[in-house]
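Peer 1: Read off the chains here:
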Amino acid sequence: MSTTVRSRVRPRTPSQRLRNLSREQLPSRAIAGRSLLYAILIVLATIYVAPFLVQVATSFKTDGDAASNPMSLIPQTWSTAAYERLFLNSDFPVWFQNSAIVTVFVTLGRVFFNSLAGYALARLHFRGRNVIFALLIAVMSVPGVVLLIPKFLVINQLGIYDTYVAMVVPLLTDAAGVFIMKNFFESIPASVEEQARIDGAGTFRVFWSIVLPMARPALVTIIILSFQGSWNELSHFIVATQSSELTTLTKGVASLASGQLSQGTQYPLKLAAAAIMTIPVAVMFFIFQKRIMNTTDGAVKE
Amino acid sequence: MSTPARTSRRSGIRGGEAASGWLFTAPMIILLGMFLVIPVLMALWVSFSDWNGRGSPFSGSVSFVGLDNYSALVGGGGLAEQDFGTALRNNAWYVLLVVPIQTMLSLFLAVLVNRQILRGRGFFRTAFYFPSVTSSVAITVLWLFLFSATGAVKKLLAFVGVNGPNWFNDPSGVLHNILGVFGVQTGPAALTDNSFLGISFWEWLAGPSVAMSAFILMAVFTTSGTFMLLFIAALQNLSGDVVEAAMMDGANGWQRFWRVTLPQLRPTLFTVLTLGLIGAWQVFDQIYTGTQGGPGKTTLTPAYLSYQTAFTNQAWGQGAAIAFILFVIIVVFTLFQRWLLAERKVSVRRMRPYLQTPTSGGSR
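Chains as they are written, first to last, in the working numbering: chain A, 1 to 302; chain B, 303 to 666.
What the hints contain is simulated information worked out from the structure, not anything from laboratory work. Glycine included, C-beta positions come from ideal geometry on N, C-alpha and C. Incorrect hints may have been included.
[Unchecked claim] Below 20 Å or equal to it, Euclidean Cα-Cα: the simulated DMTMM-like pairs (lysine to aspartate or glutamate) are: (1) 457(B) - 63(A); (2) 599(B) - 370(B); (3) 456(B) - 472(B); (4) 457(B) - 194(A); (5) 457(B) - 383(B); (6) 599(B) - 472(B); (7) 456(B) - 63(A); (8) 456(B) - 65(A); (9) 457(B) - 472(B).
[Said to hold, decoys possible] Facing chain A, from chain B, some residues (calculated, C-beta under 10 Å): (10) 336; (11) 358; (12) 421; (13) 438; (14) 454; (15) 457; (16) 498; (17) 501; (18) 503; (19) 604.
[Stated by the list, open to error] Here are a few chain A residues that sit away from chain B, every Cβ distance over 12 Å (derived from the structure): (20) 28; (21) 90; (22) 136; (23) 139; (24) 145; (25) 156; (26) 163; (27) 174.
Extracted from the complex, chain B is given alone in its bound form:
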């Protein structure tokens, strides 16, 4: 991404550049060092220590405990492990639903409002983007009202004859509820008897709780506008030639979108998925403002658990350990997705139909 280094010029008008270069970047370097690099290193130490929040974490009374904090989380068998497993479960379902839905919705919105001939284009764009500028606190307050026991969503569902759930007070898992409709109340022993990170596989498969589903809807509502803008920008940068050529070849609108437009959007798709994934693993504000992890710990997320463990329970080492595990999870997911979406050579089988047509009529 950096610019190609320029060949050095005559030093006459470029004298003293090294000094000013460092001088200009110094404030930012100092800031980033002081409030990013050093803090992370300090937290890394804390995650290996038994610091309890009193005094300095570097005083003599704080001792090194090795990987104790980490092992309590991933294999301690206690409440810490169970809470961590629950938080991971909750957030994994959140990511699994939010990222694909918001990506598809934002692409859909972008395609809709990107038409050349569309009355009220500005209005529609503004309407879809507006939720993105509001703060997560304000939107959570609004959501708590809309999805409350006497709220608008419940009323709206009642209009169509559905007895809506008690959103933010309902800890039941959505998948469990669906299975419950078919009479499945308890899972097979193979799932209930075995567990991972302190909670049974049956519980892992509970799906997001009804309360978490309200947060999922909120995330889609607030982020789809931002990503819509990214897609609109990308769509406007596409040259019309390729689409025109496809049109000449007789591809209909549906085919043009899937086989011509979408492949060209791959870089933007990658950006949106990456940003979505990074954001969705960091749910904090909404939980802090709205539910504090409840009901029944089903909206607990690793980010909030990390905060709670450190600041409320004063188990700083464990809180820091959660934060670093979360960091690793985010990095791994980003790399995995990068690998998944990387440009690959098209296989010969898929290329064959195109190989047979040497620059046929229509395509320019």
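Okay, chain A solo, but in the shape it has when bound:
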């Protein structure tokens, strides 16, 4: 094994090999290889995209059509019954509203608290900073699912069970976000802030009007992660609320899936609900596509 690299050395000069690689002189083997590459890519892309196309198509079908033609991308008869039912005759708008409220507050809160803490850990010198940072790393490693019962206990103990506060505030804990902000603040030069300090600006002033505007790329990362994370969150809402007025999209659609609101399978209804709840994150994704596709951090789905 270990000698293969050496033993297959071909007696060619480097320039000859390089010329073979240039595009004009592609040998037929390379063309075949290229076609194979595209064939594989197209097949894979079809597998990845087709489910979503089927989903959208099925949401416009009638129940019978969905059952008998599960694969067709064009409904036999177009029907918007599923959407009418969702918007006019169910709690769906309430779910959507709750998800939106929670997402907005969690995202704003995380942006503010993460950047505050990240800035302090990156730039301010104070006793105990390293301890805080070590604790942050330790906290990051606690898996979320393990926290279901603990979160319920503390929410219950604080008497905030089944309120917006219980839905939003625990989701503000975001050690990974602090970490991202800290790393970013460390990468920008300190000279600018020092100038402002000499001019007499206070710490918060320096942070708010000088450093924060410079941190736009990192803030966008935090916004993307928080938005996606809180919009798609399910388990926290299961343990934090029970009343129907506080049901979010994830919780509501999950209850749809297990058969509430419907007799029979009602796939068009369920798939329409799932499709609508995907739209905001999809829009977010396409707006920030360039950023998401280029960053190393910020791409991890929890």
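Mind docking chain B on chain A? Use the hints.
Peer 2: Just chain B now, kept in the frame of chain A:
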């Protein structure tokens, strides 16, 4: 990972930093303390108590029961132990299949779309990544439809002449089914008569159920895009020099990948495996939305069992105990894998071929 501590400067422009330092970090510290550290400690107490969900777990009527909750799970001999064993079995098979497949697939996708000359590169990347942004609830609803008795996957298999299984209603283990094809219906007595955590070794070896396999496919579908991005980022950070040098030495594409590129990807590989492992041990949303543990408890996972035990059956101590055991499992697996993938000194035998070639032609 922390930055090297800077030497203290003149205190003139840095006065009052300690106060603002604590002030800036205070909100996050309070939040993490209130909703992470304290809750975990509370749950730890509950796991040692007989709290039944009524009143406060710290009131006088709740008593300390020692390790009772834990021992009921790992040696009680009752239903609790059997359910816990089943959940562990299910999730272990899930991890065993999901983590390697998603890692290989995401690396494969990354290598495919990372070519310099590729038409439609953006489209392919978007297509592969898109499932990752959708919520687990939405994707589970879609999966329930695609893999239903009248669903697209069954139709698709029928096209190629295969009578597909009844995915989410089929509790039979995949390995048992494969053995069944060869006429093996029951296992040897050595396996069926002995058991671990309440279920026989033969049952441990059942493989994931057909229903769980659908979830395995779903996990690979939704996470491969995320990890593909991590691999793409890593591939773009590699310097071309080493690959070029290998090219000059005559290594073909296959050799260049396995012996030059892949070893340089080790840190990313470690990240992907760790994140994959941590994620795969925490299956909850899909089970809650889709099957609630059925059919035949074959999609029960420790995370879901913990929730069900506490919130539905009101056995809070036991539910918390399951959560802590799961925590330990995740930590142990992460450490084990860290040890497995740690940089080791290359043995002399493996080094020998390289030692004989002092900076030969081609390599710069």
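Peer 1: Would you mind marking each hint as holding or not holding in the structure?
Peer 2: Here is how each hint holds up against the structure:
no.: 1; hint: 457(B) - 63(A); result: holds (17 Å)
no.: 2; hint: 599(B) - 370(B); result: violated (24 Å)
no.: 3; hint: 456(B) - 472(B); result: holds (13 Å)
no.: 4; hint: 457(B) - 194(A); result: violated (67 Å)
no.: 5; hint: 457(B) - 383(B); result: violated (40 Å)
no.: 6; hint: 599(B) - 472(B); result: holds (11 Å)
no.: 7; hint: 456(B) - 63(A); result: holds (18 Å)
no.: 8; hint: 456(B) - 65(A); result: holds (16 Å)
no.: 9; hint: 457(B) - 472(B); result: holds (17 Å)
no.: 10; hint: 336; result: holds (7 Å)
no.: 11; hint: 358; result: holds (7 Å)
no.: 12; hint: 421; result: holds (8 Å)
no.: 13; hint: 438; result: holds (7 Å)
no.: 14; hint: 454; result: holds (4 Å)
no.: 15; hint: 457; result: holds (5 Å)
no.: 16; hint: 498; result: violated (23 Å)
no.: 17; hint: 501; result: violated (22 Å)
no.: 18; hint: 503; result: violated (28 Å)
no.: 19; hint: 604; result: holds (9 Å)
no.: 20; hint: 28; result: holds (16 Å)
no.: 21; hint: 90; result: holds (15 Å)
no.: 22; hint: 136; result: violated (8 Å)
no.: 23; hint: 139; result: violated (6 Å)
no.: 24; hint: 145; result: violated (4 Å)
no.: 25; hint: 156; result: violated (8 Å)
no.: 26; hint: 163; result: holds (14 Å)
no.: 27; hint: 174; result: violated (8 Å)
In summary, the numbered hints that this structure violates are 2, 4, 5, 16, 17, 18, 22, 23, 24, 25 and 27.
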